[in-house]
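Q: The task is simple: from the sequences and hints, build the whole structure.
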Amino acid sequence: MPGETATLPALPEGAARAGPPVLEVEGLSTWFFTRRGIVRAVDDVSFALAEGETLAIVGESGCGKSITALSILGLVPSPPGRIVGGAVRLRGTDLLRVDEEAMRRVRGNEISMIFQEPMTSLNPVLTIGAQIEEALTLHQTALSRAEVRARAVEMLQLVRIPEPERRAKEYPHQLSGGMRQRAMIAMALSCNPRVLIADEPTTALDVTIQAQILELILDLQRRLGTAVILITHDLGVVAETAQRVIVMYAGRKVEEAEVVALFEQPLHPYTRGLMGSIPHLVDENTERLAEIPGMVPALNALPPGCAFAPRCTMATERCHAEMPPYREWQPGHYSACWYAEALMQHGAVP
Amino acid sequence: MTAVLEVEGLTKHFAVRKGLLRRAIGKVYAVDGVSFAVAPGETLGLVGESGCGKSTVGRTAMRLIEPTAGSIHLHGQDITGLSRAEMRPHRRAMQIIFQDPYASLNPRITAGEIVGEPLRVHGLADARQREDRVAALFRRVGLRPAQMKNYPHEFSGGQRQRIGIARALALDPALIIGDEPVSALDVSIQAQVINLLRDLQGERGLSYLFIAHDLAVVRHISHRVAVMYLGRIVELAETRALFATPQHPYTEALLAAVPVADPRKRRPRRIIQGDVPSPINRPPGCHFHTRCPYAEARCREAAPPLKQAAPGHLVACHLR
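One line per chain: the protein sequences are A and B, in this order.
In case it helps, the numbering used here puts the first sequence at residues 1 to 350.
In case it helps, the numbering used here puts the second sequence at residues 351 to 670.
Hints may contain errors.
Stated by the list, open to error - Stretch-level coverage of chain B by chain A, calculated; a stretch enters the list once three of its residues show a Cβ under 8 Å from a Cβ in chain A:
#1 532-539
#2 543-550
#3 556-567
#4 604-616
#5 619-626
In case anyone wonders, no lab produced these hints; they're calculated from the structure.
Keep in mind it's a predicted model, so treat the numbers as computed, not measured.
For each residue, glycine too, the CB sits at the ideal point set by N, CA and C.
A: What follows is the structure, given as structure tokens:
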């Protein structure tokens, strides 16, 4: 589509869109049993996803955001990984208690996932069209062969791949990175899933292509009513796409809020640190970025108190000794910090 | 003042070979007539999307790969045709740090040996002095001298990038070329490394050629910024001017595409469509015309020269 421009629609804000929950994750804990000890990759994580909602899970490498997604789909490599507790309810059914065959009917059909690098999930020896057809034949058994083929082309058209009939006959390596990501989205959405999990879907893409793909995901979500879990490390992407945000650190949720509340008044020092450490495109060019000192602790040797305490400039003795409770401080705004109230009132620990 | 680094008409074409006889069937026009200068103590940012040639510019300027055409001057001296031996004294003045610190560090030798290696190779210090210099460098980049005996795999990504910076600093260079030096790091660690690079520039009067795709990072660290598209510089200006009043339609499109970390500023916006064309088969005229919303007939025919649109603000566009 040379020379054309599209418009990224502004989203309606927050709770206005929240319908009944389609997916509920409760107390999910996924641990890895390694020679060096138990790695608590995901530790007691709960959230609900409403119909048509976009929930962002944000955090840095190793915070557990991707393992949370793999746990929902029953794709945690085992051994060494194991889901040691919790429930993942899809419209009331706990996916952690169904057998592998039932899970296969869920994956790609009711819950789909797209990844950072499309080449890892596209089959290099099958044409793009054949791969979409495969998903349809597997899950939509009522469709005839002709209908399946037509639907595959229709999906490629939906994700705005030019010349969809021709592209359907091409192999993944013949497409550009952006086109491959579109093809993967077409495949993921072909069975009209209720939930789409997008794990860093634009991280490997150039910024102009990233904008195209984000706009595409949001547009399709609106048209198809899919709920989206967007896993990302990029606060810019979060701010532009999500309605609600969960911030994870060292395997646990540290904060959760509607997107505007989170950016206006973050109630966890880690969230504040993240926001301070990114350079901006439009503000005054400050001399120094606010850095978070130190680095993420090893997940097999977490401190007894708050996992962020060793890097937190506000930490007190209590933070190092006792794990702070995860509490709701304002309607819909949760944080696990002993000093969330002080942050709320003074912006810092007095 | 003489520029620390000045490249003129820098060009690098790679042959595309195919078949048993490796016959050349075409060319990748990676870099096509790029000119710029980096002043002492200055950071010049070089931005663009994958395949625009920005990394090739860095490597060619370092003479890690040979240019097809053009010249490279270091402190006013032409280093374009120098032999390996003749290059050697100049290597001290110009160092490079890479995106993936792990791939650029020898896994079999200790971090201390890695940082001390340039000193040893250039015969600049005996073993004892070297040890002291390396310890001082470790402290300066935020590592403990006790970590000198550890191997690269024992460090985190951010620490490995610090080792890379310490090694680059060992010879006290005038210029450091950073090829996506913070792109692989988590944001909290990225901020640490950006701050370190800025502090070092303040202390030592270093010049940087900072190659990156992240516009916010480039804006934060650069004094001037050059934007590349398919092997050519399309715009070059002071950072403030480039971000406040971009002149080239591609720069405009890039800036509009960056997500803004403020949900209240979420707004309808224009997104440029299409992919970057292949550098093997570039569109004629202005390479950007296939995606440009303002393109006219002349844009498809003639390549616009890079000319001054305002003092110090260069742009390659027929319409500006």
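Q: Next step is simple, just say for each hint if it's right about the structure.
A: Cross-check of the supplied hints:
no.: 1; hint: 532-539; in the structure: holds (count 4)
no.: 2; hint: 543-550; in the structure: holds (count 3)
no.: 3; hint: 556-567; in the structure: holds (count 4)
no.: 4; hint: 604-616; in the structure: holds (count 13)
no.: 5; hint: 619-626; in the structure: holds (count 8)
Taken one by one, the earlier hints all hold for this structure without exception.
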